[in-house]
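Enquirer: So you can see what is in the structure, the chains are spelled out below.
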Amino acid sequence: MKLKTVAKKVLSGAVIGAMVLSLTACGGGSSPDDTGSSSQEQEAQNTSDDTGSDESGESQESAKSDVTLKFQQWWGAELPDGYLDDIVAKYKEETGVTVELLTAPWADTKTAITAGATNGTIADIISVDGAWLAEFADMGIIADVEAAGVDTALASDIWEVEGTKYVVPVNNFAYPMYVNMDILEKAKVSEIPKTWTELIDACNKIKDAGYSAFALNLGTTNANGIQNVFGGTGWASGINLKDESGAYKTEGNEELASLAELFKTLYDNECLYPGMSTLEESEMTSNFAAGNCAFTLASAATMSQFTDINFEATTVPVKDGYEGESGICYASWAVGISEASANKEEAAKFINYLLGGLDGTDGSVAAGLAVEMSAFPNSTVAEPDYSAAPEQFQSFYELYKNCYVINEYIGLANASDVMTSMTNDLVLYLEGDLECDAMLTNWQGYLDEAGK
Amino acid sequence: MKLFGKKTTPYRYLLPTLILMIVFLVVPIIMVIRYSFVDKAVVSPDPDFVGLANYAELFADSSFWNAVSNTIIFVVVSVVAHLVIGMIFAMLLNSKYFSNGTKTIARVIYILPWVFTASVVAILWKLMLQPSGIINYLLSAFPQISRNTEWLSNKDLALAVICFINIWCGYPFYMISILAGLQGISGDLYESAAIDGATLTKSFLHITIPQLKPILISIAMLDFIWTLQSFNVIWMLTGGGPVQSTETLSIYIYKLAFQKVDYSMAGTAATVLLVVCVFIAIFYVRQQKKVRE
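Sequence order for the protein chains is U and Y.
Take the first sequence: its letters are residues 1 to 452, numbered as in this note's numbering.
Take the second sequence: its letters are residues 1001 to 1293, numbered as in this note's numbering.
Each hint should be verified, as a subset may be incorrect.
As the list claims (entries may be wrong) - Pairs of lysine to any residue residues, derived as SDA-like cross-links and limited to a Cα-Cα distance of at most 25 angstroms, are as follows:
id	chain 1	residue 1	chain 2	residue 2
1	U	K452	Y	E1057
2	Y	K1126	U	E270
3	Y	K1040	U	G411
4	Y	K1260	Y	T1009
It should be emphasised that the hints constitute simulated quantities derived from the structure, not laboratory data.
Build the full structure now, drawing on both the sequences and the hints.
Expert: Written as structure tokens, this is what we have:
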């Protein structure tokens, strides 16, 4: 055999071998058994660390350093560059535990978590949106945080499904109504409206002055306008989707019908921002930031975007005659521990650190995050200093103290799908293709069927 | 047969490709087909076999048929328009009435839409089609057209607008392919036809079209499959809305999987789409075989 032929055969064999090996390596993730085994070893190691046993402090430190937690979140994409990295670097410095950040935009995080749960690559700690809670619990993706060791006393609120505590909010983002004061002035609206009648009058004047009045995002790529804007307006007047027993009750709900009629009036008067049925939240806020509309409801976290306009952040106008306490829509940066994690205990410790530091009394991490993102901490020990926050945030904070936060979609099974269906019906109603009663009956059906 | 003998040589060369195809194509397809026969695929550690129940549920779902209807309109309109516009532009670029310089400039301009990625196309058109965008501004010169037309948010207009955008970004592929075909047709055929007194229309119908037929069928088949699976532009422009008016099968499947987290039904709808694509692919392969023969 010629040397050239031998060389060719050796080379082809080597290439095939390398490919087979690499594919084996790609597909050779830990099997559940392997995970269990490593989990037991890790837990044994951690237990040994915790008890101290007969190890020296130095060896404890080196054993702890072996733990690496993966943290899947969207926070890093929204915080200033390096902010979250600094938190985990400090945590490593103090505990030796490495927290590897897996950052993706909010819109991609759910897919990343679901895919990770499917193929066994899910992170130890995962950020959870309220709309995903029931699905993740149903799929067995998230673990009982209390059982894992999260100190529940450190959190004002913990999200539960059927009595099990699954998710711990770290920051809560309230949804104020933003008002473009320049447009109000040009439209000769002297005061920020406080009631629905005043809101309708103001919107009419703004429209007559040639401006768009109120932005309602009913796009279905991420159908959250039904929650944040429509729901947020209702909650301000004590209008709920649920009755006193906690069951969803939209069919025949006259208060909800009156809320729908408010938006119908705004639509019929051409006061809603054009293109609402494909308008996404990000487009809505960027249009407000560009000075294209007078009123919108959006997260307080977006306030930093409104640098070029003269605006105020306030509470949502209430239904005429309503004198009760106003609810404010909120969303959260919340975390859970994945059921598949081999390091649940360490994950719980990191969550405790986010809420109350190493000793459970230092809320500086939660407070810092809250101040940075114009949010409110869920930590019971955090004391955020908003003195350097924008003036609008500080004034809203004063109003916020007299209200309560509410979001009736948190924990709802298949929340994304239900909100999409409800949004589609609301568009049909506003455009006159569906009666209000039929819409509320349809909503009842979606809510009753959710998760079945 | 020796493992490294001459007889196994072709298979050894094929092996890397075969392994990749099995891992990244065959296995995922089999998994998705399997999802369509079980309940709570992926989300349950122990899904139950349900036979054809998912298919029965899918075919009873009005949203599925709405997506099928939208997909058919979207695909047929896009493919036909691509073909017609691509043919017209290719013939213009192949015409002897323009100088080479003009043709080169025109070729660059005409091919531009194909160069843009889906996200650029979506952002570009979304900005232009906004109620306060440039399209409405330009149309304000015509008093009979409302300056506040909501091109993408009007459920009666949205699908037509999506088709238009897809046509805009897809015709250059046809144009280039047909132009290559036109340049391969011998000029002798047209000269002979002209001597015999054939009109331009007759030359087009009896020389150009038959000569281009293999190319036209091939690109139409490919375009049919690509348009059937079109997702990015629609998702970024309308997300399937308003009120499902632009929800094609790919959007419907995506929503089932990632909004409803119903991988079984998503797998079922994807399998139906796969069957349609396989039929077209078989037709395409047969056509290619005929051309080679």
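Enquirer: Can you confirm whether the C-alpha distance between K452 (chain U) and E1057 (chain Y) stays at or below 25 angstroms?
Expert: holds (15 angstroms)
Enquirer: With the threshold set at 25 angstroms, check whether the alpha-carbon distance from K1260 (chain Y) to T1009 (chain Y) stays at or below it.
Expert: Roughly 49 angstroms separates the two Cα atoms, so the pair is violated.
Enquirer: Is the Cα-Cα distance between K1040 (chain Y) and G411 (chain U) 25 angstroms or less?
Expert: holds (20 angstroms)
Enquirer: Holds or violated: K1126 (chain Y) and E270 (chain U), Cα atoms, limit 25 angstroms.
Expert: Holds, because 21 angstroms separates the two Cα atoms, which is no more than 25 angstroms.
Violation of the numbered hints given earlier is confined to hint 4; every other hint is satisfied by the structure.
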